[in-house]
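Once you have looked at the hints, place chain G on chain P.
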Amino acid sequence: NAGVTQTPKFQVLKTGQSMTLQCAQDMNHNSMYWYRQDPGMGLRLIYYSASEGTTDKGEVPNGYNVSRLNKREFSLRLESAAPSQTSVYFCANRPLSDASTDTQYFGPGTRLTVL
Amino acid sequence: AQSVAQPEDQVNVAEGNPLTVKCTYSVSGNPYLFWYVQYPNRGLQFLLKYITGDNLVKGSYGFEAEFNKSQTSFHLKKPSALVSDSALYFCAVRSTISSGSARQLTFGSGTQLTVLP
Chain P
1 NAGVTQTPKF QVLKTGQSMT LQCAQDMNHN SMYWYRQDPG MGLRLIYYSA SEGTTDKGEV
61 PNGYNVSRLN KREFSLRLES AAPSQTSVYF CANRPLSDAS TDTQYFGPGT RLTVL
Chain G
1 AQSVAQPEDQ VNVAEGNPLT VKCTYSVSGN PYLFWYVQYP NRGLQFLLKY ITGDNLVKGS
61 YGFEAEFNKS QTSFHLKKPS ALVSDSALYF CAVRSTISSG SARQLTFGSG TQLTVLP
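Quick mapping for you: the protein sequence lines, in order, are chains P and G. The numbering of the first sequence is this note's numbering, which starts it at 1 and goes up by one. The numbering of the second sequence is this note's numbering, which starts it at 1 and goes up by one.
There's no promise every hint is true.
[Stated by the list, open to error] Computed list of chain G residues with no C-beta within reach of chain P, every gap over 12 Å: (1) Glu-15; (2) Asp-54; (3) Asp-85.
[Stated by the list, open to error] So the derived label-pair ranges between C-beta atoms look like this: (4) P:Ser-18 / G:Gly-16: 47 to 55 Å; (5) P:Gly-16 / G:Pro-117: 43 to 51 Å; (6) P:Pro-83 / G:Gln-112: 19 to 27 Å; (7) G:Leu-116 / P:Gly-16: 43 to 51 Å; (8) G:Ala-1 / P:Lys-14: 33 to 41 Å; (9) P:Ser-84 / G:Ser-60: 32 to 40 Å; (10) G:Ile-97 / P:Ser-84: 26 to 34 Å; (11) P:Gln-17 / G:Asn-12: 35 to 43 Å; (12) P:Ser-51 / G:Tyr-39: 28 to 36 Å; (13) G:Gln-10 / P:Thr-7: 26 to 34 Å; (14) P:Phe-10 / G:Ala-14: 32 to 40 Å.
Calculated directly from the structure, the hints in this document are not laboratory data. All residues carry an ideal CB built from backbone N, CA and C; glycine is no exception.
The shape of chain P in the complex, shown without the other chains (with noise of 0.2 Å):
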């Protein structure tokens, strides 16, 4: 039982390059998040999907886009990378018992570099 699982680990794209970060759980828990953590910001929240096919903007939603295809899988993409956009990304579930008290659980993440 993996939990969340996050990849690619580590990364490195130069300006304008596009990537998709990918995100699946085996928790069958039915809302996904993805975070960004920058140092001194604490964790802010760039998309959500509460369940498959469905996803909303979340905090620092510019600059990215998602896709839930189903309930397994939440990736992240990319598609012109920008300097502001180095960070970890934090990939993370919800239990729909848990739907009303957000208890979550987090991927291990992937470090990005954009030069």
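The following block gives chain G in isolation, referenced to the frame of chain P:
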């Protein structure tokens, strides 16, 4: 809008001494409050949460937190710190009012706890 403040970027404590990591919050309505811990190069791990009821919440690894509504605080505590407790700690809040962005967790900026041997 909801917010969380962790006023200390860094807390140092000697092993065996009690530790406190501070958190204050602002939210419309009543809060759900959380503490998460992050070890180096790892994702966040859930420690404990306050939903309702007893103001003293006990969580994993001997940690506890006290909810104080009048002071809008939710400080994390442990009676006797271990070197292995050294990590980055995040406080988070969401409102019990389920409406739009207020349904999502808002995290503090984090406090680096270092326990010295």
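Quick one: are P:Ser-18 and G:Gly-16 within 47 to 55 Å, going by C-beta? 51 Å, holds
Holds or violated: 33 to 41 Å for the Cβ distance of G:Ala-1 and P:Lys-14? Roughly 36 Å apart at Cβ, these two residues keep to the hinted range, so it holds.
Regarding the assertion that G:Asp-85 does not contact chain P, is the least Cβ-Cβ distance greater than 12 Å? 19 Å, holds
So does G:Ile-97 sit 26 to 34 Å from P:Ser-84, Cβ to Cβ? 32 Å, holds
Please verify that the nearest CB of chain P lies beyond 12 Å from G:Asp-54's CB. 15 Å, holds
Evaluate the given range 35 to 43 Å for the C-beta pair formed by P:Gln-17 and G:Asn-12. Roughly 41 Å apart at Cβ, these two residues keep to the hinted range, so it holds.
Per the hint of 28 to 36 Å, is the separation of the Cβ atoms of P:Ser-51 and G:Tyr-39 within bounds? At roughly 31 Å between Cβ atoms, G:Tyr-39 and P:Ser-51 fall inside 28 to 36 Å, so the hint holds.
Range agreement (Cβ of G:Ser-60 with Cβ of P:Ser-84, hint 32 to 40 Å): Holds, at about 35 Å.
With 12 Å as the threshold, tell me whether G:Glu-15 passes as away from chain P on beta-carbon distances. 27 Å, holds
Does the Cβ-Cβ separation between P:Pro-83 and G:Gln-112 fall within 19 to 27 Å? Once the Cβ atoms are compared, 25 Å apart, the range 19 to 27 Å for G:Gln-112 and P:Pro-83 holds.
G:Pro-117 and P:Gly-16 - C-beta distance against the hinted 43 to 51 Å: Holds - the Cβ-Cβ distance for P:Gly-16 and G:Pro-117, about 48 Å, lies within 43 to 51 Å.
Taking the Cβ atom of G:Leu-116 and the Cβ atom of P:Gly-16, is their distance within the range 43 to 51 Å? 46 Å, holds
Checked against the numbered hints above, the structure breaks none of them.
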